[in-house]
Amino acid sequence: MAFTFRGGVHLNESKNTAASAIRHMPAPAKVSIPLSQHIGAHCKPTVKVGDEVMRGQVIGAIDAGLGCPVHSSVSGKVKAIEEKYNAMGVKVANIVIESDGLNTLSPDVRPYEKELEDITFDDLIEVVKNAGISGMGGATFPTYAKISSARGKVDRLIVNCAECEPYITANHRLLLERPESVIGGMKLMLKVFGLKQGDLAIEDNKRDAIKIAEGMTAENDLIKVRVLKTKYPQGDERQLIYALTGREIPAGGLPADVGCIVFNAETCSAIYNAFVTGMPLIERVVTVDGDCVVNPSNVLAPIGTSYRDLVEFCGGFKAEPEKVVNGGPMMGAAQWDLDAPVTKGTSAILVFSDPKPTRYEQPSACIHCGRCVGVCQMHLMPNYLSMFSRAGKWDLCEKYNVMSCVECGACSYICPGGVSITADNRVAKAKINEKRRAQKAAQAAAAAQKEAK
Amino acid sequence: MNGENKMLTVSASPHMKSWETSRVLMLDVIIAMVPALIWSVYAFGFRALSLTVISVASCVIFEFLTQKLLKRPVTVLDFSAAVTGVLIAFNLPASTPLWIPAIGAFFAIVIVKQLYGGIGKNIVNPALAARVFLFIAWPNEIKNFIAPSSEKLSAFSINVDAVATATPLASLKQGVTPDVKIFDMFLGNTPGCLGEVSALLLIIGGIYLLVRKVITWHIPVAFLGTVAVISYLFPLDKSVHAWEFMLMELLSGGLILGAIFMATDYVTSPVTKTGRIIYGVGCGLITVFIRYFGGYSEGVSFAILIMNLLVWYIDQVTRPRVFGIRKEKKKKEKEAA
Numbered sequence: 001m002a003f004t005f006r007g008g009v010h011l012n013e014s015k016n017t018a019a020s021a022i023r024h025m026p027a028p029a030k031v032s033i034p035l036s037q038h039i040g041a042h043c044k045p046t047v048k049v050g051d052e053v054m055r056g057q058v059i060g061a062i063d064a065g066l067g068c069p070v071h072s073s074v075s076g077k078v079k080a081i082e083e084k085y086n087a088m089g090v091k092v093a094n095i096v097i098e099s100d101g102l103n104t105l106s107p108d109v110r111p112y113e114k115e116l117e118d119i120t121f122d123d124l125i126e127v128v129k130n131a132g133i134s135g136m137g138g139a140t141f142p143t144y145a146k147i148s149s150a151r152g153k154v155d156r157l158i159v160n161c162a163e164c165e166p167y168i169t170a171n172h173r174l175l176l177e178r179p180e181s182v183i184g185g186m187k188l189m190l191k192v193f194g195l196k197q198g199d200l201a202i203e204d205n206k207r208d209a210i211k212i213a214e215g216m217t218a219e220n221d222l223i224k225v226r227v228l229k230t231k232y233p234q235g236d237e238r239q240l241i242y243a244l245t246g247r248e249i250p251a252g253g254l255p256a257d258v259g260c261i262v263f264n265a266e267t268c269s270a271i272y273n274a275f276v277t278g279m280p281l282i283e284r285v286v287t288v289d290g291d292c293v294v295n296p297s298n299v300l301a302p303i304g305t306s307y308r309d310l311v312e313f314c315g316g317f318k319a320e321p322e323k324v325v326n327g328g329p330m331m332g333a334a335q336w337d338l339d340a341p342v343t344k345g346t347s348a349i350l351v352f353s354d355p356k357p358t359r360y361e362q363p364s365a366c367i368h369c370g371r372c373v374g375v376c377q378m379h380l381m382p383n384y385l386s387m388f389s390r391a392g393k394w395d396l397c398e399k400y401n402v403m404s405c406v407e408c409g410a411c412s413y414i415c416p417g418g419v420s421i422t423a424d425n426r427v428a429k430a431k432i433n434e435k436r437r438a439q440k441a442a443q444a445a446a447a448a449q450k451e452a453k
Numbered sequence: 001m002n003g004e005n006k007m008l009t010v011s012a013s014p015h016m017k018s019w020e021t022s023r024v025l026m027l028d029v030i031i032a033m034v035p036a037l038i039w040s041v042y043a044f045g046f047r048a049l050s051l052t053v054i055s056v057a058s059c060v061i062f063e064f065l066t067q068k069l070l071k072r073p074v075t076v077l078d079f080s081a082a083v084t085g086v087l088i089a090f091n092l093p094a095s096t097p098l099w100i101p102a103i104g105a106f107f108a109i110v111i112v113k114q115l116y117g118g119i120g121k122n123i124v125n126p127a128l129a130a131r132v133f134l135f136i137a138w139p140n141e142i143k144n145f146i147a148p149s150s151e152k153l154s155a156f157s158i159n160v161d162a163v164a165t166a167t168p169l170a171s172l173k174q175g176v177t178p179d180v181k182i183f184d185m186f187l188g189n190t191p192g193c194l195g196e197v198s199a200l201l202l203i204i205g206g207i208y209l210l211v212r213k214v215i216t217w218h219i220p221v222a223f224l225g226t227v228a229v230i231s232y233l234f235p236l237d238k239s240v241h242a243w244e245f246m247l248m249e250l251l252s253g254g255l256i257l258g259a260i261f262m263a264t265d266y267v268t269s270p271v272t273k274t275g276r277i278i279y280g281v282g283c284g285l286i287t288v289f290i291r292y293f294g295g296y297s298e299g300v301s302f303a304i305l306i307m308n309l310l311v312w313y314i315d316q317v318t319r320p321r322v323f324g325i326r327k328e329k330k331k332k333e334k335e336a337a
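From first to last, the protein sequence lines are chains A and B. Just so we're aligned, residue 1 is where the first sequence starts under our numbering, counting upward by one. Just so we're aligned, residue 1 is where the second sequence starts under our numbering, counting upward by one.
Relax, there's no trap hidden among the hints.
Take a look, some chain A residues computed to stay more than 10 Å from chain B by CB distance: (1) D63; (2) V78; (3) A93; (4) D100; (5) E219; (6) K229; (7) V276; (8) T277.
If you anchor each label on the Cβ, the simulated ranges turn out as follows: (9) B:L27 / A:E214: 42 to 52 Å; (10) B:K327 / A:N433: 17 to 27 Å; (11) A:D51 / B:K327: 52 to 62 Å.
In case anyone wonders, no lab produced these hints; they're calculated from the structure. Here a beta-carbon is modelled for each residue, glycine too, at the ideal position from N, C-alpha and C.
Just need the whole structure built from these sequences, with the hints factored in.
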């Protein structure tokens, strides 16, 4: 019996690259590395224009508060430090490095001095922090912060290899080709956290990966391979934890609130590599697919590689690109610029020649069919949320729990009337957040005034 | 071919869309009604077809004209007006004058649907509202139910003098179990409206809709189940077996047509599963209530119309529990506040 959850949609999987082995991309002529590729404060640059940098060298350090350092993915010369919009539409400083093609490794990159058996909790946090690891499934939360906040609260480790988005096969290939790094990372964390159970969760459309993982963990009593039903969005950590443990993360809560810590499979592998080779997070597996790409494939690409270089490495374009998506087709962000760089959260680059998601030409209209209510795994009523949002009724949106919406896109996907429900919900969430911030500020101002009196 | 110096399309995710659009769904509903339509032509002659064609054509034309007049985008190609057209014809007897469905189409499309905002915005089912309107406004024109295969009506004469026969439902109303075989009622060998006589073909259409996942089982099963249970427990005619009376109630009138094709209309039915069951049970209760105690022999259309009006409230009452929000916790929070 495969594990699953209530709601969700069955998508056309389009896993065209499932059989294509990960290819190592040589250093491109130029990389552009954003100083913020994570949730939290932007890094401050530690290099200047004209500096020589080496592969794996720190080029951006944590400035204040929550952050995640950034390393150079090539060796070469810093050409410029320029402000650019990132995938989310936020202005970020980018360090542009011209590669010398040598990929000279920084002397800082060396295996961790302690044996894996002797690693303590503080060591784990330190190494993960220095390696600049942030969640590689797309949310990009700094991993050391997740680990330290979960300390002492969890009894279950879950490694997420559901990969429920169509097209993406990066985690699948990783598990096929480097299972030892994922399972090694699991063993390491089980040991450091002192946990009795670690689940490696894989959707049942990846039978070959399940077989390999089961073979490698047969001797290990702590690690269990869990087979999930293939359904979107199984990879959402709320649904993943619910499917495996029956626990529900409370609204606005974190996995640690229900005793779980969840890592993306590639994040887990990056943690392992940070100990074994000392390599910081400077490259990642990216699925390059879409009808414009000549050879859709999985590429181990240096962080900062432009989408254009990536597609050229995959044989170039075979049709005029109209839409480029960073991430999966359900939650990924459309980009306006092919020169944007691959970052730590880029699991896929999809290049499409058809800008529209559908051939439906009718004006959009909700027909009240209730499909969105059926697929919403958060058990919301997306049809009413969209209606309220369009009417500007933010209070009603809040009352109908729009803040619980994870923007997975299942409602918009299934809507026969072509209503952009997810986008409407996003607007409502932004408005409510705005209101909450204003209220907070007003309260703070009132308190300050009281104090002054 | 490399996107050089080119602005790419930026739009909100998701970048994928199901192929199942409103048009596809409406087309499926039309396909599901074809068997019953063919039967009506076989049973009542080509007049059944001409009534249906007039009804569908007027619905589409009125929708087109209203949208042009109101300067709205024209949406006749979503086929929802065509579905309404077929349903209006299905609710008329074969002897109905040919101009009647056109008036029904005007009422359904212009007044009930477009003036309330078009597809998705109407509060009651347009075809049912039209049926009730026609039956009340022209009772003499729409009273002649003829027996199937008795005489094939010509397709084009405006008015027909047909030999009227009492429908099984009308007999039931008078507390007399009609003198027809239940199997004939199941097949459709009884007098009645065009699309309602053959339970078998309607059920086949319903199964098609279920298999294609156009409708869910909740509304038809709750609706028919409620009628079945009540008529079994409290048969009006004590001279026949209770189950026989129950089958008569189920197979007579527009019950099956209503439960499968009219009550399941998306726009005017609830979105939650629990809501759909409540709605179906409500339809069943009101139907039996009107059939037993009301002035009309048929209660299905009124029952569905009344429940249509309650859909908003049913939706609100059956709001699902949001993932990660427990009721007890909410209560505690309220107490704390």
